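Asks: Each protein sequence line maps, in turn, to chains A and B. The opening position of the first sequence corresponds to residue 1 in this note's numbering, with each subsequent residue numbered one higher. The opening position of the second sequence corresponds to residue 1 in this note's numbering, with each subsequent residue numbered one higher.
Please keep in mind that the hints were generated in silico from the structure rather than gathered at the bench. A hint or two may mislead.
Since the list gives no way to pick out one identical chain from another, each pair is judged satisfied if it fits inside one copy or across any two copies.
Calculated pairs, DSSO-like style, for lysine-lysine (alpha carbon to alpha carbon, straight line, at most 27 Å) [what the hints assert, rightly or not]:
(1) LYS12 to LYS187
(2) LYS30 to LYS90
(3) LYS64 to LYS187
(4) LYS12 to LYS90
(5) LYS187 to LYS31
(6) LYS12 to LYS188
(7) LYS34 to LYS187
(8) LYS53 to LYS64
(9) LYS64 to LYS35
(10) LYS64 to LYS12
(11) LYS188 to LYS64
(12) LYS53 to LYS35
(13) LYS90 to LYS164
(14) LYS165 to LYS90
(15) LYS46 to LYS136
(16) LYS188 to LYS164
A quick note: this is a predicted structure, and the numbers were derived from the prediction, not measured.
2 protein chains.
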Amino acid sequence: MFDLLLSHIQNKVDLPEEQSNQIQTFFTYKKLRKKQYLLQEGEICKCLSFVSKGLLKSYTSDEKGNEHINMFAFEGWWTSDFNSFINQEKAVLNIDAVEETEVLMITLDDYERLMLEIPVMDRYFRILYQNSLVTKDYRLMVSNSFTAEEKYMQFALRNPEIIKKVPHNLIASYLGLAPETVSRIRKKWSLNT
Amino acid sequence: MFDLLLSHIQNKVDLPEEQSNQIQTFFTYKKLRKKQYLLQEGEICKCLSFVSKGLLKSYTSDEKGNEHINMFAFEGWWTSDFNSFINQEKAVLNIDAVEETEVLMITLDDYERLMLEIPVMDRYFRILYQNSLVTKDYRLMVSNSFTAEEKYMQFALRNPEIIKKVPHNLIASYLGLAPETVSRIRKKWSLNT
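Isolated chain A (complex conformation) (with noise of 0.2 Å):
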């Protein structure tokens, strides 16, 4: 259960044996059936959650019950409401599971006792976040200055076990596209549907 966040961890810090079975401690494990919420906009996100199998989406609704994506988060992914869990204010976003799917949770407490207890985690973290703020400058960049087929096939070249996992629609949505445009330009570039 602990497999995939230890070596996700230990891909990015030097982690002692020890110090791998306590970090277990910090964990709950929860399991979530297709279509069922982590969170749901207006509560507080009181975890950090790490993807251990499955898929999750986050996402903003409209008045009129559309959904506009925000992230995914695969196997091996963080999520939460970011600002709601570090200010435990009132979430934004829904979190819900696109396919069964299984986390491990960590409270905002737990998560500084955790980097208290284990410093080499502030490394960790600092490493993730790191990489977190370089993906979203670029997503910002892209949305600000490519034409849709630029954004589909970008995103495309650069997340290819996303676009044969999830759905188009989704995606689409994560790119602020319509449905349609992202039908014509898989068309046209003869994706398989």
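Knowing the structure of chain A, use the given hints to seat chain B on it.
Replies: Just chain B now, kept in the frame of chain A:
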């Protein structure tokens, strides 16, 4: 010269006296005239820079030569083209001085060495990046779901010192608004021009 940087670090983490002295050896001081570039699009962003005095802005330029403000960096803020710095790829941002400015610069090698030699700096940057992610999420949400008036008034309420100090056309660019829109909103709310 290092007082602001050291107090910024000490506000977030416990830093023993001898490490305060050691940290200073990792940085290079640079003074910029008004309008002088710290970084130009297409260069590799060699350093992460801490503003010890003055004000920088980072921006992209479109084909017509219009500047689109990415962010401001005030005294006590860090700035860079972060992807260019971390991955040593070509910068997409320009960074220049809005007024006479002094920066403390650290190269990528020294940044990595700093955290290996003074591990509490991992904690400092973890907290810094954590706050930055929260801010970026908020900015993305504002950009996607607020009206022009909401954008400006939210920004003005959260950043009164920026509103006072930065020319209105730069703030308009940062918020993705036309300068005339900002003038109209300021007039409506009877803000001094």
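Asks: Indicate, hint by hint, whether the structure satisfies it.
Replies: Cross-check of the supplied hints:
1. LYS12 to LYS187: neither (39 Å within a copy, 52 Å between copies)
2. LYS30 to LYS90: within (22 Å within a copy, 42 Å between copies)
3. LYS64 to LYS187: neither (29 Å within a copy, 34 Å between copies)
4. LYS12 to LYS90: between (31 Å within a copy, 25 Å between copies)
5. LYS187 to LYS31: Classified as neither: same-chain Cα gap 37 Å, cross-chain 54 Å, threshold 27 Å.
6. LYS12 to LYS188: neither (40 Å within a copy, 52 Å between copies)
7. LYS34 to LYS187: This pair counts as neither: shortest intra-copy Cα distance 29 Å, inter-copy 51 Å.
8. LYS53 to LYS64: Neither: 32 Å inside a chain and 48 Å across chains, both beyond 27 Å.
9. LYS64 to LYS35: Classified as within: same-chain Cα gap 19 Å, cross-chain 47 Å, threshold 27 Å.
10. LYS64 to LYS12: Neither, since 42 Å and 43 Å both go past 27 Å.
11. LYS188 to LYS64: The answer is neither: 31 Å in one copy and 31 Å across copies each exceed 27 Å.
12. LYS53 to LYS35: Cα proximity of LYS53 and LYS35: one copy only (15 Å, versus 51 Å across).
13. LYS90 to LYS164: neither (34 Å within a copy, 30 Å between copies)
14. LYS165 to LYS90: For LYS165 and LYS90, the Cα distance exceeds 27 Å both inside one copy (31 Å) and across copies (32 Å).
15. LYS46 to LYS136: both (23 Å within a copy, 20 Å between copies)
16. LYS188 to LYS164: within (17 Å within a copy, 51 Å between copies)
Comparing the model with each numbered hint stated earlier shows that hints 1, 3, 5, 6, 7, 8, 10, 11, 13, 14 do not hold.
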